[in-house]
Amino acid sequence: GQVVRHRIYPFRGIIFDVDPVFNSTEEWWESIPEEIRPKKEQPFYHLLAENADTEYVAYVSEQNLLPDTTGTPLRHPQVKELFVAGADGRYRAKFLQPH
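Going left to right, the sequence shown walks through residues 35 to 133 as the numbering used here numbers them.
Do not rely on the hints blindly, as some may be mistaken.
Listed below are the simulated EDC-like cross-link pairs for lysine to aspartate or glutamate, each with C-alpha atoms no more than 20 Å apart in a straight line [unchecked claim]:
id, residue 1, residue 2
1, LYS114, ASP102
2, LYS73, ASP53
3, LYS74, GLU96
4, LYS114, GLU75
5, LYS114, GLU68
6, LYS73, ASP51
Keep in mind the hints are simulated off the structure, nothing from the lab.
Put together the whole structure using the sequences plus the hints.
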(Lines of atoms letter the chains of each structure in order from A and count residues from 1; the text may use other names and numbers.)
(Lines give C-alpha, C1' and ligand atoms only; values in the text may rest on other atoms or scores of the structure.)
Protein backbone atom coordinates (compact mmCIF):
# COMPACT_ATOMS: atom_id res chain seq x y z
CA GLY A 1 0.00 0.00 0.00
CA GLN A 2 2.94 2.37 -0.25
CA VAL A 3 2.48 5.27 -2.67
CA VAL A 4 5.55 5.78 -4.85
CA ARG A 5 6.69 7.68 -7.91
CA HIS A 6 9.05 6.70 -10.71
CA ARG A 7 12.57 8.08 -10.47
CA ILE A 8 12.72 8.97 -14.19
CA TYR A 9 9.26 8.89 -15.74
CA PRO A 10 6.32 11.10 -14.69
CA PHE A 11 4.04 8.57 -13.03
CA ARG A 12 3.10 7.50 -9.55
CA GLY A 13 1.16 4.63 -8.07
CA ILE A 14 0.48 2.29 -5.20
CA ILE A 15 2.29 -1.00 -4.68
CA PHE A 16 -0.02 -4.01 -4.67
CA ASP A 17 2.44 -6.89 -5.15
CA VAL A 18 6.17 -7.57 -5.25
CA ASP A 19 8.47 -10.11 -6.90
CA PRO A 20 11.76 -10.70 -5.01
CA VAL A 21 13.58 -10.68 -8.37
CA PHE A 22 12.55 -9.93 -11.96
CA ASN A 23 9.66 -12.20 -12.99
CA SER A 24 8.41 -11.03 -16.38
CA THR A 25 9.27 -11.88 -19.97
CA GLU A 26 12.65 -11.41 -21.57
CA GLU A 27 10.88 -9.43 -24.29
CA TRP A 28 9.54 -6.97 -21.68
CA TRP A 29 12.99 -6.56 -20.10
CA GLU A 30 14.69 -6.01 -23.45
CA SER A 31 12.10 -3.37 -24.39
CA ILE A 32 13.62 -1.09 -21.73
CA PRO A 33 16.32 1.16 -23.22
CA GLU A 34 19.68 -0.40 -22.39
CA GLU A 35 21.09 2.77 -20.81
CA ILE A 36 18.37 2.69 -18.13
CA ARG A 37 17.66 -1.06 -18.00
CA PRO A 38 17.66 -2.19 -14.36
CA LYS A 39 19.36 -5.28 -12.98
CA LYS A 40 17.10 -8.31 -12.66
CA GLU A 41 18.44 -9.30 -9.23
CA GLN A 42 16.35 -6.87 -7.20
CA PRO A 43 12.71 -6.58 -6.15
CA PHE A 44 10.20 -5.59 -8.84
CA TYR A 45 6.92 -4.01 -7.81
CA HIS A 46 3.46 -4.22 -9.35
CA LEU A 47 1.78 -0.80 -9.18
CA LEU A 48 -1.65 0.58 -9.83
CA ALA A 49 -0.10 3.48 -11.70
CA GLU A 50 -1.26 6.78 -13.13
CA ASN A 51 0.15 9.67 -15.09
CA ALA A 52 -1.44 12.90 -16.29
CA ASP A 53 -3.37 11.07 -19.02
CA THR A 54 -4.34 7.58 -17.88
CA GLU A 55 -4.31 4.81 -15.29
CA TYR A 56 -2.65 1.43 -15.81
CA VAL A 57 -0.68 -1.39 -14.13
CA ALA A 58 3.10 -0.94 -14.08
CA TYR A 59 5.99 -3.27 -13.24
CA VAL A 60 8.93 -1.31 -11.82
CA SER A 61 12.33 -2.16 -10.35
CA GLU A 62 13.09 -1.09 -6.81
CA GLN A 63 15.95 1.15 -7.98
CA ASN A 64 13.47 3.27 -9.97
CA LEU A 65 11.00 3.96 -7.18
CA LEU A 66 10.93 6.86 -4.74
CA PRO A 67 8.36 7.68 -2.06
CA ASP A 68 5.55 9.93 -3.26
CA THR A 69 5.16 12.64 -0.64
CA THR A 70 2.57 14.80 -2.41
CA GLY A 71 -0.32 13.48 -0.32
CA THR A 72 -2.52 13.74 -3.42
CA PRO A 73 -5.15 10.96 -3.49
CA LEU A 74 -4.76 8.35 -6.21
CA ARG A 75 -7.44 8.25 -8.89
CA HIS A 76 -6.76 4.75 -10.30
CA PRO A 77 -10.16 2.99 -10.27
CA GLN A 78 -8.79 -0.25 -8.79
CA VAL A 79 -7.34 1.44 -5.71
CA LYS A 80 -10.74 1.34 -3.96
CA GLU A 81 -11.04 -2.39 -4.73
CA LEU A 82 -7.78 -3.27 -2.98
CA PHE A 83 -7.17 -0.51 -0.43
CA VAL A 84 -8.85 1.66 2.17
CA ALA A 85 -7.67 5.25 2.48
CA GLY A 86 -7.09 6.31 6.06
CA ALA A 87 -7.74 9.74 7.54
CA ASP A 88 -3.97 10.25 7.50
CA GLY A 89 -3.89 9.81 3.70
CA ARG A 90 -2.20 6.41 3.88
CA TYR A 91 -3.61 3.36 2.15
CA ARG A 92 -4.16 0.02 3.85
CA ALA A 93 -4.80 -3.27 2.07
CA LYS A 94 -8.35 -4.58 2.31
CA PHE A 95 -7.15 -8.16 1.95
CA LEU A 96 -3.71 -9.43 2.79
CA GLN A 97 -2.63 -12.38 0.66
CA PRO A 98 0.67 -14.20 0.95
CA HIS A 99 2.87 -13.88 -2.12
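Original post:
Checking against the hints above, which ones are violated?
Top reply: 4, 5
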